[in-house]
Structures are given as C-alpha cells and as structure tokens.
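Given chain G, work out where chain R should sit, using these hints.
Those sequence lines, one after another, are chains G and R. Counted the way our numbering counts, the first sequence spans residues 1042 to 1328. Counted the way our numbering counts, the second sequence spans residues 118 to 274.
There could be a bad hint or two in this list.
Partial pick of chain R residues on the chain G-facing surface, computed with a CB cut under 7 Å [what the hints assert, rightly or not]:
1. M118
2. K119
3. G165
4. V176
In case anyone wonders, no lab produced these hints; they're calculated from the structure. Cβ atoms here follow ideal geometry from the backbone N, Cα and C, with glycine treated the same way.
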Amino acid sequence: MKFTEYIKPNDLSDLHHMMEEYKGRSTVIAGGTNLIPEMRNGEKAPELLIDISDMAELSFIRENNGSIAIGAATTIAEMAASPILLDNSPILASAAKQLGNPLTRNRATLGGNLANASPCADTAPPLLALDASVEILSPGGKTRQVPLSKFFHGYKFTDLGKGEILTGISFPKPKDSTKGSHTKIGLRNAASICVASIAVALDMDGKTCRKARVAAGSVAPIPMRAFRVETLLEGKEINAALLEECMAVVKAEISPISDIRGSLEYRSHVTAMILKRNIKRALKQEI
Amino acid sequence: MKTYPVEINVNGEWQKAEVTARDTLLDILRDRFGAFEVKNGCAQGDCGACTVILNNKAVNACLTLALQANGKNVMTLKGVGTPDQPHPLQQSFVEHGAIQCGFCTPGMVVSAKALLDSNPEPTRNEIREGISGNLCRCTGYKKIVEAIEDASLKRGK
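Only chain G is shown next, with the shape it has when bound in the complex:
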C-alpha cells in the first residue's frame, strides 16, 4: 500500500499555496468521521491529506447584512448549539442536533457533511430549504458560489472540481414571515442514519403561501428539492385538500430505493406523511 502524506495549513494563504502546489492530488480532511474509516477499510487511499480541521478562518457562524454564513470547518456540535442558528434557522440547528451522536458531532464538520454528498447528509435538506449557496475555493485562489440545489450532481458526486475545496455556505436570513419545520426519520433516536427526512420553509402572507421551499433527504440519489410540491404550494391558501395533493405529488417526485434501513414503499409513505406534518407544524394550525 502506498503511504499517505499530510500537511496542515495555518491560514487561508497557506491553503492557497498548498492547493496550487499539490493541484489535484490532495484530499481535504476536516473531522475525518467519513474519511478515516474509509481509509482504514481500503475504500480510499489518498496521496496527500490537507488538514483544515483547525483552521480558525474556516470555523465560524456569522450573521451580517441579512445573511448567515457558516465556515466549512465548523463542527456539527457548534451548529447544533449556535444561538444564531437556533434563533434564525432552527430547522438547521435541529438537523445538526440529530446527526450521529455527541462524539461524532464534536468532530464532523458542515463542509464534510456536504462534500461527502451522501443522500442522507443530515444538514442538506434544511440548507436546501433555506436557499443556501456553497462557496468553493479553486486552485489559484478564485472563489465561486454555487446554489446548493445545483451542487449535488449524483450519488456522492458534486460540483467540486479537481483540487477545489468547499470553504463554507451562506443563506439569506429568513424573514419573520417564513415558517419552517424539519423531521428526520431514523431507525432509532440516537446515532441513526436518516431513512427519510423533510425540511420546509414557507413564506406566508396571511393564509397564502408566497414562497415555498421543500427539501427531502434519503429518498433520491441526492438530497433534493421537491420543486413540484413547491410550485403546488405557492400562491395558494394551504388547506387539507392541498395537503393531500402535496402528498401525492411528493410521492411521484422522489425516487427512493429499498435498502437495509427501509423499503421503497415505506420511504414513499413516510415521506408523504412527514411532509404533511411538517407543513402543518410550520403553520402551527390544525388543518
């Protein structure tokens, strides 16, 4: 087996130099909760690890100018406990709180959860519902923004090019009129891998839905937006009949598989159920 090299940038300018020097043959490691077991069982054999886990410049949760930004090396535990996220985007804090267990949350990072691009990435559905964009740093020092809804291309396949690094995400601070809710279904309460999840963010004008964002996890090759459900909700008064329609449409829009954690039929049924419950919970109304 080939050996692996290791370098640790002190700051962003260090990181730029290293990305330039080792273009394409480096693998970023942050928390390592996915990568370390994959290296151990031989699934991955990186030539060179660039360790960003202690980079203060990539570890932050900030609110400014109506926008919320989170650095890629921010741990999931920091997100779950962040007053900024608990106040402004409880659906994201809730998803962070339900990822893995306290030990993995202390190591796992936001950037890793997204760049690993698993369909069950717990932070992805709320971030999709929040209209988040990913910030990507390319070798050469250029940065680009990609809407998260265009970041996931396929199963464990993202928009990240060779040598590029996901450095953070940002999303507009939700308005007071935006109502959110999130549910993750797992096989147990703790340390579970998501079987199906739904995150909704509904901007309401009285009883009418002005703008809808609906995202689902573990029911397609990628964490996905349910665009047809969003279209169905927008501009309408949300009532029981519309909710039934949403349930039918989301079942048609997702493409779940059967695996050790759940059957296709179960995932389809439970996704429709939690979609209905989350819309009702977001609006806090009995309909």
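Okay, now just chain R, sitting in the frame of chain G:
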C-alpha cells in the same frame, strides 16, 4: 514510509511519537503510549469504546488522526480518576453496579465526564443523549444512567 513527529499531552504528560498520516489517535494511544484503558471496539466510530476528551471535547479516538491531536490535550479514563483517587463518576459506577463485562466502561465514564463538565445537573434524557455515542453490548444502560445521575446529584451538594 513517511513519518511525522507528534507531541500529545496525555493525562497531563507530554508524550512523543513518530506517526504516519494514517495512524489514528487510538492506534498511538494503545500501541505507543500504553493507554490500554482506551478500548478498540469497532474502530469506525460506532461504539464509543475509544472515547477520549480532546481539548475539552469528547471524541472517538478511532475517528481522529494522531496528527490531528498534535500539540493537544488528551484525557483518557485514567485522567478522569485513579483507583486511589476515583472521580465521583467512577465511584458511582462501582456503587451502582453499572459495569457488566466492563468493555464499554472506560468510554462511558469519559463521555459522562464530558457531559457533567458542560452540564453539571443533566436530566435523565440529557444523560441518555450524552452517552448515546457509547454502546453497551450487555445492554446495562439503566444502571449506567442511574450511576451518572447519582454522581451529578452528589457533586451538586
């Protein structure tokens, strides 16, 4: 094989080793530093038997590279307390019989220590949540939760 020097403070003493980029903190704690109280259960972050406190945060030593612990403080079970001077948690585990085969115990105690450090009087649910990364194959959770609760109450007095 390329190696790198690391210096890690284990329970108050700086230890040095030459490690590869793939060595985990678990590998070097056991194989180089003789910290056999850190158990190797699954080596993939599922069981929590290798739980240590790394710069005040409870983590799986198997999911941390040795190089990622370079220059940092690591507390293992032996740093929590010793047979001569047991931590109230360790005393409480003994009094409550919260130990069956004992393999999960070091990780359980270390997770409980991290929990009580950040939340001195947790509710039963918070205790269950706090040790949710630690599996007990004997399924002796009830007594473990009671032991942690009792230690927190005694410490609060």
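Numbered hints the structure breaks, given as an ascending list
Of the numbered hints, all hold.
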